[in-house]
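Whenever a hint applies, use it, and build me the whole structure from the sequences.
Listed below are the residues making up each chain.
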Amino acid sequence: MVRAEGPPAPGSSVLAAPGLSAGPDLPGSVGGLGWSWDLRADGRPELPASADAIALLPVRAGFVPLTGPRIKRTLLLTVRAGTPADVLAEFESDLIAMPEHIGTIRSWALSRVDPVGGDTAWTHAWEQEYATIEGLTGEYLLNPYHWAHVDRWFDGEIPGAIVEPVLAHVFRWSRSPVLTDDLPGVGPD
Amino acid sequence: MNTPASPASETVSILDHVTLTNDQVAWWLGQFHDRYLPGAQRRGMRLERVWRSPAGRDATTVHILWILPGIRAFYAMRGAAAADPEVAAFWAATDGYALERQRRALQPAEAGSGVSA
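These protein sequences, in sequence, are chains W and Z.
Counting in UniProt numbering, the first sequence runs from 1 upward without gaps.
Counting in UniProt numbering, the second sequence runs from 1 upward without gaps.
Treat the hints as calculated values from the structure; they're not laboratory data.
Treat the hints with care, since some could be wrong.
What the hints assert, rightly or not - Interface residues of chain W toward chain Z, partial, derived using beta-carbon atoms under 7 Å:
1) W147
2) E157
3) I158
4) A161
What the hints assert, rightly or not - Chain Z stretches covered by chain W per the calculated footprint, using a threshold of three residues with CB under 8 Å from any CB of chain W:
5) 2-10
6) 76-84
7) 97-110
Backbone N, C-alpha and C fix where the C-beta goes; we use that ideal spot for every residue, glycine too.
If you want it as structure tokens, here you go:
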């Protein structure tokens with residue numbers, strides 16, 4: 001996943017990257033640089049100096065067929081250093097369960113950030129696709145599993161919160177699937 | 001297994017529990033009223049009730065119930081609190097001596113509230 005100030009430059013080798021999908025961040029996005037790109041690469045792709053590339057290692061993913069344009073949303077977050085492994089596993093489990101509760105989430109992926117991809121403070125990416133913007137700005141936010149359960153990991157007023165306050169929440173349109181059924185971590189369910 | 005989304009206008013209750021040694025309770029309540037309450041009210045939190053209950057021989061739990069007018073107001077409160085270093089400082093000071101502390105966000109469970117078992 002790449003945060004960038006604009007689209008891939010004409011002639012850039014990134015344009016040939018498998019699965020390349022890019023678009024401008026929509027109003028309501030926070031913490032982006034203006035555009036978000038998703039692509040697959042074995043190594044670090046050729047990027048503008050101002051771009052922020054985050055290499056992802058999926059923990060779990062789910063694929064739900066969806067035709068037509070869709071909203072691709074990415075949440076980049078940082079889990080506090082020193083968080084015990086069992087607590088981290090509980091946090092990841094809570095995120096992974098969100099699609100079971102929130103019906104507007106279609107395909108999704110929870111990934112850890114691969115430090116091999118370069119220096120970054122982000123530790124996780126939580127990605128989803130939605131058929132409509134309202135699926136994200138409505139149901140996703142208003143579901144009690146989100147605000148009355150998962151949010152506690154993010155709320156600095158609650159003991160046990162483990163997520164640093166700086167987040168990147170970016171969403172954009174994509175004409176085709178970004179989170180596909182061959183994504184590592186796609187389970188049988 | 002889908003959980004139905006709540007109506008955006010549904011009230012959100014926040015329930016704080018702070019367990020302190022008995023000799024700290026009055027002082028902490030003073031700090032709460034002076035340092036936390038005004039900012040919380042500016043963030044849209046309405047103080048509904050404050051209770052206290054014994055928590056053993058030498059300890060007391062203070063229970064604080066807040067009401068927010070909706071889920072979007074809840075998120076707005078969250079954002080404002082995260083941006084205010086005084087909030088983090090207040091809870092860090094509290095956690096330095098409190099025996100236990102919890103906060104839960106609650107949705108109404110009355111019939112017709114859209115909650116399914």
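Now the hints, each set against the structure:
| no. | hint | result |
| --- | --- | --- |
| 1 | W147 | holds (6 Å) |
| 2 | E157 | holds (6 Å) |
| 3 | I158 | holds (5 Å) |
| 4 | A161 | violated (10 Å) |
| 5 | 2-10 | holds (count 7) |
| 6 | 76-84 | holds (count 3) |
| 7 | 97-110 | holds (count 7) |
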